Amino acid sequence: MGDEKTTEEIDVWVAGTEAPQFSPTDEGSQEISRDESDYRLREQLGSVVDDDYEFDDEFGEDDERMILNMGPQHPSTHGVLRLQIELEGELIRRTKPIIGYLHTGMEKTAEQLTFAQGPTNVTRMDYLAPFHNELAFSLAVERLLDIEVPPRAAVIRVLMTELNRVSSHLVALATNGMDIGALSIMTYGFREREFILDFFEKTTGLRMNHNYIRPGGVAADLPPGWKDDVGGLLRYLPPKLDDYDDMLQANPIWESRTRGVGVITADEAIAYGITGPALRATGVGWDLRKAFPYSGIEDYEFDVPVGTHGDTYDRYRVRVDEIHQSLRIVEQAMDAMPKGDFRIGDRKITPPPRARIDESMEALIHHFKLFTEGFKVPRGETYVAVESPRGELGCYLISNGEARPYRMHTRAPSFNNLQALPIAMADSMMADTIATIASMDPVMGDVDR
Amino acid sequence: MTHRIVEALVERFETAEHEVSHGQDVVHVPRDVWLEFATAARETGFEVCVDVTAVDWLRSRPDRYQVVACLLSMEHELRIRMITTLPREEPVLDSLVSLYPGTNYPEREVYDMFGITFAGHPDLTRILMPDDWEGHPLRKDFGVGGVPVQFKESHQVS
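Taken in order, these protein sequences are the chains called A and B.
Reminder that position 113 of the first sequence reads as 113 in this note's numbering, one-by-one numbering, no gaps.
Position in the second sequence (from 1) plus 1000 gives the number in this note's numbering.
Hints listed in this document are in silico derivations from the structure and should not be mistaken for laboratory results.
From a predicted model like this one, the values you see are computed outputs, not experimental measurements.
Don't be surprised by glycine CBs; every beta carbon is placed ideally from N, CA and C.
There could be a bad hint or two in this list.
[As the list claims (entries may be wrong)] Think about it this way: if two alpha-carbon atoms lie no more than 16 Å apart in a straight line, the pair counts; the simulated EDC-like pairs of lysine to aspartate or glutamate are:
(1) Lys-202/A to Asp-242/A
(2) Lys-290/A to Asp-1141/B
(3) Lys-202/A to Asp-229/A
(4) Lys-227/A to Glu-64/A
(5) Lys-348/A to Glu-402/A
(6) Lys-240/A to Asp-146/A
(7) Lys-96/A to Asp-1141/B
(8) Lys-96/A to Asp-427/A
(9) Lys-290/A to Asp-1123/B
(10) Lys-348/A to Asp-146/A
(11) Lys-202/A to Asp-221/A
(12) Lys-108/A to Asp-1123/B
(13) Lys-1140/B to Glu-111/A
[Said to hold, decoys possible] Part of the chain A face toward chain B, derived, beta carbon under 10 Å:
(14) Ile-99
(15) Arg-143
(16) Ile-274
(17) Ala-291
(18) Asn-400
(19) Asn-416
(20) Ala-420
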């Protein structure tokens, strides 16, 4: 009885399909083949090491260049970014970013969703700045509809997007610190961001992917006690930021890891279409909030911080200064918050209040139509851009007169800014790679969409 | 109101048509003067090409594809949008990379998503989809779903 071996064959395939043409251990098998030679076996087990590996490439024998593949699964490349780096010793000669690992076809998806459902889709693109995505999309839809949102909705939008800028820049600061090895700043940055996300959660129900800013206004009014929450943030954050300045500004390690690292000149930045803090760090004071204002942001007082050298340090500095400026805007928005509706009263575009549905047949019909068919948008095309924490976030929208966009394209700032990496990293040290990537602050959800 | 810089720029090209779309300046440029127009625009002060994208009109228009490039002048705080159309049979357009290096990735994306070729582009390869992908996903005749999931054990999901 003991001699008999029962063998079981396990096949994995789905019923109703053809039998698979492979064995379950076909791929990725870790077993050592039995009919290999003894030497080969020992080599595979690691007891013999054969490292007569000949490097054969286009550069010939004398050249010391090698290609290093970094990522896509690398803890420091901020998501699934892959870099092919051509190294000469410790020096980087050429870099090629390879992207697309997070591509989920969101522009295609947008063509299947109604304009009312659109913000749910776009909010997932740049997941660190979801409000800006929603805002760009909503502004584009509103321009095609030719409507203006009520003043309160516009101010809520400014309040939320600027808080979002703060939270996004805090993550940039945190990850920048983490990649250089300043782990304290990482924990602090994420901690401070969490306080802002708490307020987002209280207002929208979610920490991220809010679907809060919608065509016609915002989804809900600010929660009771919002002034205390925002006021608390305004009191809490500035002293903390000063602490981080104390910690980083006079820190010789931080300075030597960031100053003169990953330099982009202003001409290069403009030629390559770099926008946002990376552009401003080169000394170009270009900010869409000043040049092409939206949501009434021209009524607020704020400065555009600029750098001088375009290096990693300046990009860090510009972000910290922008946090202060955004807090200024938040404070003004809080004081200026008008009373009134938080979305337009056109029931063809925004749903009626919940209470009205119980008493009005018309309201019920509007609600039903809006959530089944959506609303129709007149024929036309437009491009609307907002200043996201990473730069110009544009939405190119074409409507065919139906309830779904014919085409929705997002001009992603991270996607364009990534083109600066090969320039910033050329002829720099391998050890500075991570600092440079982190300071460009690419969000792969935004790059690949 | 159209800025005089835009007016002067459009006047230099007989075949270019100016249009105002929701308050934004749009110039319809035939594809043979695409690069020429962009060169003139760059000299006029549109120093940034913000974005290049495309639209597939399938059968609803005589020319199937439309390529859109957004130009920006930081100095004059102006934007214009260049639009050209390409026929179904031969969707080839001059690349703007020599003028605006920043159009490298966007043009690769358009090539990847629509199959529109840019003549003179230094590295026209797929950027978002895998290298061996068949078809161009943002074309209107590319269906949603029906893509086999690429695991050996699974069956085709439709």
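Hint by hint, here is what the structure shows:
1. Lys-202/A to Asp-242/A: violated, 27 Å
2. Lys-290/A to Asp-1141/B: This hinted pair is violated, its Cα atoms lying about 41 Å apart.
3. Lys-202/A to Asp-229/A: holds, 10 Å
4. Lys-227/A to Glu-64/A: violated, 62 Å
5. Lys-348/A to Glu-402/A: Given that 16 Å is the threshold and the Cα spacing comes to 14 Å, the pair holds.
6. Lys-240/A to Asp-146/A: With a Cα-Cα distance of about 43 Å, the restraint between Lys-240/A and Asp-146/A is violated, given a limit of 16 Å.
7. Lys-96/A to Asp-1141/B: This hinted pair is violated, its Cα atoms lying about 32 Å apart.
8. Lys-96/A to Asp-427/A: holds, 14 Å
9. Lys-290/A to Asp-1123/B: Status violated; Cα separation ~36 Å.
10. Lys-348/A to Asp-146/A: Since the Cα atoms of Lys-348/A and Asp-146/A sit roughly 14 Å apart, the hinted pair holds (cutoff 16 Å).
11. Lys-202/A to Asp-221/A: holds, 11 Å
12. Lys-108/A to Asp-1123/B: violated, 24 Å
13. Lys-1140/B to Glu-111/A: This hinted pair holds, its Cα atoms lying about 10 Å apart.
14. Ile-99: OK, holds: Ile-99/A within 10 Å of chain B, min 7 Å.
15. Arg-143: With a minimum Cβ separation of about 5 Å from chain B (threshold 10 Å), the hint on Arg-143/A holds.
16. Ile-274: Hint holds; Ile-274/A Cβ to chain B Cβ min 7 Å, cut 10 Å.
17. Ala-291: Because about 5 Å separates Ala-291/A from the closest Cβ in chain B, which is inside the 10 Å limit, the hint holds.
18. Asn-400: holds, 8 Å
19. Asn-416: holds, 6 Å
20. Ala-420: holds, 9 Å
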